[in-house]
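Chains as they are written, first to last, in this note's numbering: chain S, 287 to 552; chain B, 287 to 552; chain X, 287 to 552; chain V, 287 to 552; chain A, 287 to 552; chain C, 287 to 552.
These aren't lab readings, by the way, just hints derived from the structure by calculation.
Don't take every hint at face value.
Copies of one chain are not kept apart here, so a pair can be met inside one copy or by any two copies together.
[To be verified] Straight-line distance between alpha carbons at most 20 Å, and here's what the computed SDA-like set of lysine to any residue pairs gives:
| # | residue 1 | residue 2 |
| --- | --- | --- |
| 1 | K425 | D355 |
| 2 | K491 | Q348 |
| 3 | K425 | A534 |
| 4 | K491 | L468 |
| 5 | K296 | V413 |
| 6 | K425 | L397 |
| 7 | K425 | R393 |
| 8 | K425 | S294 |
| 9 | K296 | R522 |
| 10 | K491 | H541 |
| 11 | K425 | A493 |
6 protein chains.
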Amino acid sequence: MSAGTTSSRKLAELSGPAVAAGFTADTIVVQPTGAIEHHGPHLPLLTDFLLADHIGGAAVEQAAAEGLDVWQLPTLAFTKSDEHSWAPGTVWLDADTMFDTVVQIGRAVALTGAGTLVFANGHGGNVALLQVALREIRKQTGLKTFLMPTLARVPGPDGEDADERGLGIHGGAAETSMILHLRPDLVDMRLAERWVPDHLADFEKIAFNGGPVSFGWLSNDFGPAGVVGDASRASRSYGAALWEHSLAEAVASLHEIARFDPAGPR
Amino acid sequence: MSAGTTSSRKLAELSGPAVAAGFTADTIVVQPTGAIEHHGPHLPLLTDFLLADHIGGAAVEQAAAEGLDVWQLPTLAFTKSDEHSWAPGTVWLDADTMFDTVVQIGRAVALTGAGTLVFANGHGGNVALLQVALREIRKQTGLKTFLMPTLARVPGPDGEDADERGLGIHGGAAETSMILHLRPDLVDMRLAERWVPDHLADFEKIAFNGGPVSFGWLSNDFGPAGVVGDASRASRSYGAALWEHSLAEAVASLHEIARFDPAGPR
Amino acid sequence: MSAGTTSSRKLAELSGPAVAAGFTADTIVVQPTGAIEHHGPHLPLLTDFLLADHIGGAAVEQAAAEGLDVWQLPTLAFTKSDEHSWAPGTVWLDADTMFDTVVQIGRAVALTGAGTLVFANGHGGNVALLQVALREIRKQTGLKTFLMPTLARVPGPDGEDADERGLGIHGGAAETSMILHLRPDLVDMRLAERWVPDHLADFEKIAFNGGPVSFGWLSNDFGPAGVVGDASRASRSYGAALWEHSLAEAVASLHEIARFDPAGPR
Amino acid sequence: MSAGTTSSRKLAELSGPAVAAGFTADTIVVQPTGAIEHHGPHLPLLTDFLLADHIGGAAVEQAAAEGLDVWQLPTLAFTKSDEHSWAPGTVWLDADTMFDTVVQIGRAVALTGAGTLVFANGHGGNVALLQVALREIRKQTGLKTFLMPTLARVPGPDGEDADERGLGIHGGAAETSMILHLRPDLVDMRLAERWVPDHLADFEKIAFNGGPVSFGWLSNDFGPAGVVGDASRASRSYGAALWEHSLAEAVASLHEIARFDPAGPR
Amino acid sequence: MSAGTTSSRKLAELSGPAVAAGFTADTIVVQPTGAIEHHGPHLPLLTDFLLADHIGGAAVEQAAAEGLDVWQLPTLAFTKSDEHSWAPGTVWLDADTMFDTVVQIGRAVALTGAGTLVFANGHGGNVALLQVALREIRKQTGLKTFLMPTLARVPGPDGEDADERGLGIHGGAAETSMILHLRPDLVDMRLAERWVPDHLADFEKIAFNGGPVSFGWLSNDFGPAGVVGDASRASRSYGAALWEHSLAEAVASLHEIARFDPAGPR
Amino acid sequence: MSAGTTSSRKLAELSGPAVAAGFTADTIVVQPTGAIEHHGPHLPLLTDFLLADHIGGAAVEQAAAEGLDVWQLPTLAFTKSDEHSWAPGTVWLDADTMFDTVVQIGRAVALTGAGTLVFANGHGGNVALLQVALREIRKQTGLKTFLMPTLARVPGPDGEDADERGLGIHGGAAETSMILHLRPDLVDMRLAERWVPDHLADFEKIAFNGGPVSFGWLSNDFGPAGVVGDASRASRSYGAALWEHSLAEAVASLHEIARFDPAGPR
């Protein structure tokens, strides 16, 4: 289906006429969304980009191999990272610029003839904004729109996550392990520490995720490291387990998305 | 502390100089956020406004009586209700207008000398946008910012919620019961039906709340009624139970908020 | 016509389907616009909100009782109060946010099937912006659009206004008297003074209202009190007279509006 | 004071360093605001531009000759003419573009060292928007800001205005007479008619100007001619009288502006 | 074709109905774009305005005399001059305001029935932004859109330009000579110096124009004078030669524009 | 200098603290800008992305090896491609979104401590907008800003470009040859044709590049293929020659940039 002979599922490797001829209402377009932002002294700025790009890409390839008509757009590098804007190296978009960007991606996807747009997101700071965009894009274009994470949590083979008390959300055991798995050359474990704001675990209502009360935070609210989690417990084996689980979850999500119809079976 | 002799906790009943003289970093300002939007044939447009206004207001009064320095702004009526914009009577703001509105409220609260701003939200369609705003306001002003719901779910005394399969998110048993409790004159139970999109319960990843995959929806995606839930199971007794529980949760949340410091105990 | 049994004229107490079924080109929707802003040490921040909400609401109820098909939206609390933004407690919207808000209200009203939108305004700082919006809404939606004040001046029974030299525009005798009439618990007359910038009365061209030359002002341009008028001359009796007159003017205006057609009699 | 030897009061004929060296807090900068918009079949599109440009310019020259330190910017041609956007030839700016334009003019004027900015306005459709801008510019820059009209009404020597019933606001006797006075080559009196929406005179509250109730209108709301007034009664003699009166009023206004201080005499 | 008896080609001297009746797809509308900005101590702020206004106007008149259906809008005075915003007297628009302004001019021109819009530009700082706008206007309206300069370079009769090394882009020999030709009363040659940043001529890739590498500059990057060029070599004779050549080039460009069709001969 | 052991010059492979510690005023950050847009039936959508990403990246690596302190950000995929928005598969940003994106990149680069930002651009449709942004970023941040192309033209070894008459600007011999060189699997030469709008070569003033008159065009203005150039003459050998030349030019440009100072030698 591509202009040449590629067999990948990268949408942009197709020619324009190939997209026009091949896409249908059953086509699913996946937009990975990463980030370039501070992740502590031990991890590269492109940590979340790697999560979105690798998991998003692998999930698309596997789901396509399993029969879905699914294609991947180039991963967004610069997104909503204002919670780390105090840290040099973070490249962040303002909320409205990020919002306009993804809505305009939706506009373009709708013109391909595809029926579904999925954001495969590697950066927690994008979640709320992308949820707002899901509705906006659906309203403006009629596309079915979804947001799925690229990192799914799993207990590590050696219990690496055990001591984070549910607070390992940025640069901690899980993310560090995944980068150890994907790009060990970019991790410096000598600088990895335990940066867990334990006192937050004592709150019942207020939580990063899952509690009823949300709060606005910047990553240096918890200390100068700008990390929330225990990086010292990271390992390649935990990273491998996370990769397996995250990929499986992403593929399963794409299958659900492919058969999802809000109006019910027809 | 007011200009006159009021003893309420309504911020706007104070004079400007009273605010300037009395507010400190310990002061908490609560901004209830409602909605004016279609809630089916049996409920008034101001359903979510009532939730935010009544629960938000009662929680502020009770928390103040228990010693917190907490004040309430007038409830926002028009918010982000674009999922119901197809239904006459809905008055909705565009995402950017709503965002700018709440950020500008934050700017004004910061100038009072208060240290904390809490959105007490009665409309699910506002959650993601307000979460984005929490960070923006914190970043721009330094305020501690929070979002808490005004409706907390509780099993009904007669199990009213049992049959909604977790899908009672708009105009269903819970909201209908609460309005029966608060303003029974505004509910017409003869028009209340079961509008539950049962097929959605079969999905494991995709969910309104709590699943890993979010989706963009408009309220008429599920049928022409624009309701998601089983209104026919509503009752005043369930409403009373919800009220008690929601108020208690909101008050408890305010107490947690009052002692919350991201940097930990000092 | 409501979802339940209410007989009020509050639009948002109706259900969505009731609006859709009942509104016609003859329907008039009234949007009161207040403000939460500094009004001096003697008056509450919600002074203008009270004017818009009470007069606007009473006028709608009376006009409806006299046969008009007229309905009231919830009063806007936060509007264009940047002239008082120096004073803690003022909650103001930027000009463009306020403009977008009211234009989006117009968009929603047009979708109800109503033919007319009236802003009943209690805050002078909104007048020019709302005049701009009247045209914008008419152009975008075809609605007939109007702006009417909620406070109509009248000579007081004891001549309270006599000494203000036409400069009693903010927190002076008239507004203080109205709040004494409506909510005496919120007024502290011990703090009420004469804050009249007498020198302004000497200008022939430049005036707050009515002169050919307008000027841009902030309320602390005239002194630190942020009041323009003689609050010390306020009285409940003058407030009662203002209330009677203002209500009568507002009702008469609604009747004129109901029969107004720019193209002339048909 | 100019770069060369000009003795005019056109600011832009000066060099940058001449402005920097010469302007003080006593300097008044006048920005005429015209319009390019439909004025009926008998008048040129640039009618309001001519009013602003000629009266504004003549007033500046005369006031300068009488001792004021006053300078004129080039007249804005394209402004807020959306009420005539249905008529080919009208060139209009959206409200926000016009607002941003004049606020940015204010920003530039503030940097010259001048203390005062005056809009000399020839187009009624700009009034409300400029009033909003007066405050915005004052707040952002500290400039004293004013808006004055360039056309002042006067009874005509032959009573030309008598039959317009106060409704001669666009293309009627006054404006047509002024253009007959200024540029008779641009007027075609053979096409001048009486286009007075007499029925509007019967309303007590609703009025173009001066009544308590404003309304949103487009110029073709009153008929296909897009004129509101009696052009057939125009004359050069009335134009000459209007010119004299308007110029005198504008000069007198500049003198008032020069001595105006909101804080009172110091 | 005008409302009155004018024979000029100034669009705004026509009446609205004359535009509606007379304009066709062959009609070309020319929008001159000037600037009010610092040009050194020897030149007036309106230098670029004069270039656009005089050359643009003369070219339109001559092209019309030679048979083209071409009309001129009033010259834009305030444009994108942020590179000189440090210098008092410069009046500049932000990029987005300038962009919106010209796109809205395009919208209005499209409604006249004309088929072509040409920007005749006298200020280099507008070029890139207008190029962006050409596409935007074409896309939104279908107009054919063009940008042409009003100053065309020519070797001077006495080699005035010889010593500027290609760096005479702002206030140098060419612009100074043109203003000496057009408005000698506004030039003070006693203050004219050689302000040539010679070191820039040594770069092969980086250049103001014509090199492959562009750079972002402010006019005071090169020194406090804010001029780039050798004003001391200016002369009226060189100005006259530039005028002849520039006018001829502009007229020839209009003829090319009149017969240009991207789709080729039909 | 990286978090781990990478020796690449990819900025985002560094940690935040590594950026903070290592970047100085001599550091140059390169932002490649590509596009995902229709390039005819024979080329992939990511053609311009490949040009920016490969040439930009190779130039950075080589310049760093030659001693410059230069780093590369992830290539922007979605940019200003509205001239191809008619063609499915194109993903384009609106002008203001693209502008805001690159200005916000500039803001982030300024916070790293680097002194210079270079856009290495592979898509002609971005040039004008990026030129506007160069100044904006310099003005807002003080960064030295540059724009350089990633494709430099060179006569082909077999004269492939000879027959395009200077019109090979999109999908023609040069771009097709480069993709044949870089990713031959993505090119389908069976679909490559000569799509040269020969008639455009007859114009003297109006030109895509280099002529005095610019015009606004959409890629389907010249025919349904949306290509401007002769793709049929492409070859891998010409692609190899273009690669060598383009890389050499880009590296040479970076060296010039590194020693460029608008104020001259110090």
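Checklist entry - Can you tell me if K491 and Q348 fall within 20 Å by alpha carbon in one copy, between copies, both or neither? => result between (39 Å within a copy, 18 Å between copies)
Checklist entry - 20 Å Cα cut-off: does K296 pair with V413 within a copy, between copies, both or neither? => result neither (24 Å within a copy, 26 Å between copies)
Checklist entry - Between copies, within a copy, both or neither: which fits K425 and A534 at Cα up to 20 Å? => result neither (30 Å within a copy, 37 Å between copies)
Next on the checklist: My question is about K425 and R393: at a cut-off of 20 Å on alpha-carbon distance, are they close within one copy, between copies, both, or neither?
Outcome noted: both (11 Å within a copy, 16 Å between copies)
Next on the checklist: My question is about K425 and S294: at a cut-off of 20 Å on alpha-carbon distance, are they close within one copy, between copies, both, or neither?
Outcome noted: neither (31 Å within a copy, 34 Å between copies)
Item to check | Alpha-carbon proximity context of K425 and A493, limit 20 Å | outcome: between (31 Å within a copy, 19 Å between copies)
Item to check | Within, between, both or neither, where K425 and L397 count as close if Cα-Cα is 20 Å or less | outcome: both (15 Å within a copy, 16 Å between copies)
Checklist entry - For the identical chains here, do K296 and R522 meet the 20 Å Cα criterion within one copy, between copies, both, or neither? => result neither (28 Å within a copy, 23 Å between copies)
Item to check | K491 and H541: within-copy, between-copy, both or neither at 20 Å Cα | outcome: Answer is between: at 10 Å across copies they meet the 20 Å cutoff, but 34 Å inside does not.
Item to check | Status of D355 relative to K425 across identical chains (alpha carbons, at most 20 Å) | outcome: The answer is neither: 23 Å in one copy and 32 Å across copies each exceed 20 Å.
Checklist entry - How do K491 and L468 come out at 20 Å by Cα distance, when the copy is not named: within, between, both, or neither? => result neither (35 Å within a copy, 25 Å between copies)
Checked against the numbered hints above, the structure breaks hints 1, 3, 4, 5, 8, 9 and satisfies the rest.
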